[in-house]
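Listed here are the chains, written in short residue letters.
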Amino acid sequence: MDFSVQELAAFVGGQFAAGPSVEARVHRASSIPEAGEGDVTFYTNPRYLPALKTCRATAVLVPDNFTEPVPPVAIRVADPARAFAELLERFAPPPVAYPPGIHPTAVLANDAEIAEGASIQPHVVIEAGARIGARTVIGAGSYIGHGVHIGADCHLGPRVTVAARCLLGDRVNLHSGVVIGGDGFGFELAADRHVKIPQTGIVQIDDDVEVGANTTIDRARFGRTWIGAGTKIDNLVQIAHNVVLGRHCIICAHVGISGSARLGNHVVLGGQVGMVGHIELGDGVQVGAQSGVGKSAPPKTVLLGTPAAPIHEMKQQYARVARLEKLVQRVRRLEEAIKTERSTPPAL
Amino acid sequence: MDFSVQELAAFVGGQFAAGPSVEARVHRASSIPEAGEGDVTFYTNPRYLPALKTCRATAVLVPDNFTEPVPPVAIRVADPARAFAELLERFAPPPVAYPPGIHPTAVLANDAEIAEGASIQPHVVIEAGARIGARTVIGAGSYIGHGVHIGADCHLGPRVTVAARCLLGDRVNLHSGVVIGGDGFGFELAADRHVKIPQTGIVQIDDDVEVGANTTIDRARFGRTWIGAGTKIDNLVQIAHNVVLGRHCIICAHVGISGSARLGNHVVLGGQVGMVGHIELGDGVQVGAQSGVGKSAPPKTVLLGTPAAPIHEMKQQYARVARLEKLVQRVRRLEEAIKTERSTPPAL
Amino acid sequence: MDFSVQELAAFVGGQFAAGPSVEARVHRASSIPEAGEGDVTFYTNPRYLPALKTCRATAVLVPDNFTEPVPPVAIRVADPARAFAELLERFAPPPVAYPPGIHPTAVLANDAEIAEGASIQPHVVIEAGARIGARTVIGAGSYIGHGVHIGADCHLGPRVTVAARCLLGDRVNLHSGVVIGGDGFGFELAADRHVKIPQTGIVQIDDDVEVGANTTIDRARFGRTWIGAGTKIDNLVQIAHNVVLGRHCIICAHVGISGSARLGNHVVLGGQVGMVGHIELGDGVQVGAQSGVGKSAPPKTVLLGTPAAPIHEMKQQYARVARLEKLVQRVRRLEEAIKTERSTPPAL
Chain A
82 MDFSVQELAA FVGGQFAAGP SVEARVHRAS SIPEAGEGDV TFYTNPRYLP
132 ALKTCRATAV LVPDNFTEPV PPVAIRVADP ARAFAELLER FAPPPVAYPP
182 GIHPTAVLAN DAEIAEGASI QPHVVIEAGA RIGARTVIGA GSYIGHGVHI
232 GADCHLGPRV TVAARCLLGD RVNLHSGVVI GGDGFGFELA ADRHVKIPQT
282 GIVQIDDDVE VGANTTIDRA RFGRTWIGAG TKIDNLVQIA HNVVLGRHCI
332 ICAHVGISGS ARLGNHVVLG GQVGMVGHIE LGDGVQVGAQ SGVGKSAPPK
382 TVLLGTPAAP IHEMKQQYAR VARLEKLVQR VRRLEEAIKT ERSTPPAL
Chain B
82 MDFSVQELAA FVGGQFAAGP SVEARVHRAS SIPEAGEGDV TFYTNPRYLP
132 ALKTCRATAV LVPDNFTEPV PPVAIRVADP ARAFAELLER FAPPPVAYPP
182 GIHPTAVLAN DAEIAEGASI QPHVVIEAGA RIGARTVIGA GSYIGHGVHI
232 GADCHLGPRV TVAARCLLGD RVNLHSGVVI GGDGFGFELA ADRHVKIPQT
282 GIVQIDDDVE VGANTTIDRA RFGRTWIGAG TKIDNLVQIA HNVVLGRHCI
332 ICAHVGISGS ARLGNHVVLG GQVGMVGHIE LGDGVQVGAQ SGVGKSAPPK
382 TVLLGTPAAP IHEMKQQYAR VARLEKLVQR VRRLEEAIKT ERSTPPAL
Chain C
82 MDFSVQELAA FVGGQFAAGP SVEARVHRAS SIPEAGEGDV TFYTNPRYLP
132 ALKTCRATAV LVPDNFTEPV PPVAIRVADP ARAFAELLER FAPPPVAYPP
182 GIHPTAVLAN DAEIAEGASI QPHVVIEAGA RIGARTVIGA GSYIGHGVHI
232 GADCHLGPRV TVAARCLLGD RVNLHSGVVI GGDGFGFELA ADRHVKIPQT
282 GIVQIDDDVE VGANTTIDRA RFGRTWIGAG TKIDNLVQIA HNVVLGRHCI
332 ICAHVGISGS ARLGNHVVLG GQVGMVGHIE LGDGVQVGAQ SGVGKSAPPK
382 TVLLGTPAAP IHEMKQQYAR VARLEKLVQR VRRLEEAIKT ERSTPPAL
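Residue numbers (the numbering used here), protein chains in the order written: chain A, 82 to 429; chain B, 82 to 429; chain C, 82 to 429.
Some clues are possibly wrong.
Since copy identity is lost for identical chains, a pair holds within one copy or between any two.
As a list, the in silico SDA-like pairs of lysine to any residue whose alpha-carbon atoms are at most 20 Å apart [claimed, not checked]:
#1 Lys381 to Ala271
#2 Lys376 to Gln398
#3 Lys376 to Gly363
#4 Lys396 to Glu406
#5 Lys420 to Leu408
#6 Lys277 to Ala233
#7 Lys396 to Ala271
#8 Lys134 to Phe97
#9 Lys134 to Ser377
#10 Lys277 to His236
#11 Lys396 to Leu408
#12 Lys376 to His393
#13 Lys381 to Gly365
#14 Lys277 to Phe172
Hints were generated in silico from the structure; no laboratory data involved.
All chains, please: the whole structure from these sequences, using the hints.
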């Protein structure tokens, strides 16, 4: 992008106080703490007001009612976040386009079916019986196992693995390094050794799911590990065998979900949450970061802590533990009072 | 599989009440919560009884003494889990076979030694001095470093890295995305900068070890990082330099073990456990999920929490913390009683 | 290495008591718990004294003032750790050299610029507009996206992804499986569905940064996710969009840093630490393993626990919680005392 402040204000439909800086040029979008000369930024969260007061950006989009004096030229708009998002979209570099076709270095089984408009990038391997849907991109170095079915308009980043027989819907987005369909972690102890329990099921991923870099989703012991439509999974998440996630869930980075756990729709798990197996979280359950969930919870519950409890209880508990020293002091005073009481003859 | 209920009962050697449904056909195995028409499932855990009472499966394997009325046809067997496992094994799709030979797209050093029956999949790289044992499969896109020795009957999934000089025994199973032999994380602070400490050791993995997808095991500072025979490691685990794991351990997903820690045999670490470096856990130690282990522990200890303590102490501690509000109220009542005591002249 | 004990002592400039073992030969370096015949080890940490007393090493480097009788020949030096490190360096296998040039199986865009001395290993993909600096090694199977710039003397292990437009300085070291520039995890809820917020920024990694195996660093929503010079990141770490790390930080394994968090210089995060987004840690802040950081902290703070607090407070809190049973007993005694007090007529 390359704008004068005046042109920028016109683009976002904003108001600004006239001044000498209106001819200054803006060519980049940045956050408040990072912005320098030539940058436009935006302000909505009061947490960033101190930073804005020393910000070296050339211009800042602010809410209509913002009146603080700040170094950048303040351009007032109804919704600064939305106006900034529109700017970004307008000036973002175009997304990389992967032209249709099969790269000559890709290795495809004779009976692999590649639909029209699909793009098979270099060094991809597609095994027997696999099907790739229309306009789907398979990133460089990815491995698509025997009998895998992938829908239309999917995007697999470089170096993704989808192992045998797993199923992906349409518009599924797998980032680089994702592993779908590794064996579930199941062993039986026999004569002091762990004997592998065959993991003969699959992973099924429904439409519009996104899976972050290096996340792993294991195949089921039998039947399927199942990710519902519209669910979004962050990086480095572990989803064990036979787990079922509902639709439109949000699973943050480093979450670990143990075998056969079930989540309803619109469940949100914060970063580093752990869940034991064979439990169920109802629709709309939310779990705070780092919590350890050991029991099922009804719809809409908000959980926190290890072992996880309803968030208001856990916050009270944190507060009580932090005040424990005061409680100890109160007990000490009581002990002294009792002692005095006992050693003093009652006043007559 | 495709059975009538009657044929199914015969196959598992089970009893069922005659009725019109005995001709209904079963063609899939599912868990209770997922099962629908045409599915067979099994029941052992009373936790699933409510789900079984509304289950739409066609048939369910139940224990001999099970008498509850449930929608599916109940087939009574001595051990439903075992009977179900046999069904699964009998009807599982055959595991993918990778025929012996070296794919023409693989890049092998002249002096790499590939034993008879080994299968080197597409786009594999095998460096100088490496040796691959008989019948071992090296998955597509894997990288086998200089001087690596891999035993017989191993299976490396697609996109595995085994870096220079690391050693694998026989029947080792590495899932997709595993990285063996990255540098240990060792630096020395010199004049405010971190200077890398050379990591010149190796990783040694003994027979019958399984390592889950995207797990990382770092090479030793010197000597070896060592994984004992029969140990099973889940996905996304981090094992640091010079760690030693004994035989037949179970290490669940997202565990992090810091440098030079040592585990005995048959140690079990739950998901997301963290261990500081230079400590030792004796044979048969078990650590609950998400615990943070900061000290060595003798054989057979069962630990929980952060900082980890013996599980019964930690469970009592959790209970005491949960009851803290009651303790505060008791102290408040005592304070009021003392106050009354003091302001009331003793009864004469 | 292959030494007599006498030659070894000469090499490290150490003193030893003469005896029959001085002709024994040493050919390997090991840690105390692992050392056997033919090994040299070293001793500095009293924690290892019991192990040293039963150690089967042939020789051990010990401090000048060490006088305990131990089985190995004790060679006294001023700084055993340093002398041992010199031994290791002298006898370490030479690091693997990757000769300059472009492997014929690599797939390079016509306009990719590869500087002199760079080594492009087998099955690498380098997209249009990318530039690779002098003497940089791109490991087998790595993917370098459109417009990526990588400096000189970098080392990328096998199977690394650097996605479109990301920037790497000089001497950057990315271990196998690293993913730089996956999309940030950003969605907006619209009519009950999560709509992807375009992630149009980049990742910028400055000089001398090291990143461990399978770590993921997401591209910015806009602007850049930025890793300062000299910072070292361990395996399986997640760094979200728009995070800024200062210079010379140490980030241990499994750490998760949420979006737009900012770290100063020389910050140290222990293993499995989690940080919420939009907070700032000042220069020199240190955070203990497994902590959950929910608030900004001024320079030099040392934090521990979840929610994280200054370490001395948190350690006191742990101690108080561990002693909670004693507090309960004290309260019980007080209750009994009060009861007695009340039921006993005052002594006259």
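To see whether the hints hold, each was checked on the structure:
no. : hint             : verdict
1   : Lys381 to Ala271 : between (42 Å within a copy, 19 Å between copies)
2   : Lys376 to Gln398 : both (19 Å within a copy, 19 Å between copies)
3   : Lys376 to Gly363 : within (12 Å within a copy, 30 Å between copies)
4   : Lys396 to Glu406 : both (17 Å within a copy, 12 Å between copies)
5   : Lys420 to Leu408 : both (18 Å within a copy, 17 Å between copies)
6   : Lys277 to Ala233 : between (35 Å within a copy, 18 Å between copies)
7   : Lys396 to Ala271 : neither (44 Å within a copy, 30 Å between copies)
8   : Lys134 to Phe97  : within (17 Å within a copy, 67 Å between copies)
9   : Lys134 to Ser377 : between (47 Å within a copy, 19 Å between copies)
10  : Lys277 to His236 : between (33 Å within a copy, 14 Å between copies)
11  : Lys396 to Leu408 : both (18 Å within a copy, 17 Å between copies)
12  : Lys376 to His393 : both (17 Å within a copy, 19 Å between copies)
13  : Lys381 to Gly365 : within (5 Å within a copy, 40 Å between copies)
14  : Lys277 to Phe172 : between (53 Å within a copy, 17 Å between copies)
Hint violations for this structure: number 7 only, all remaining hints satisfied.
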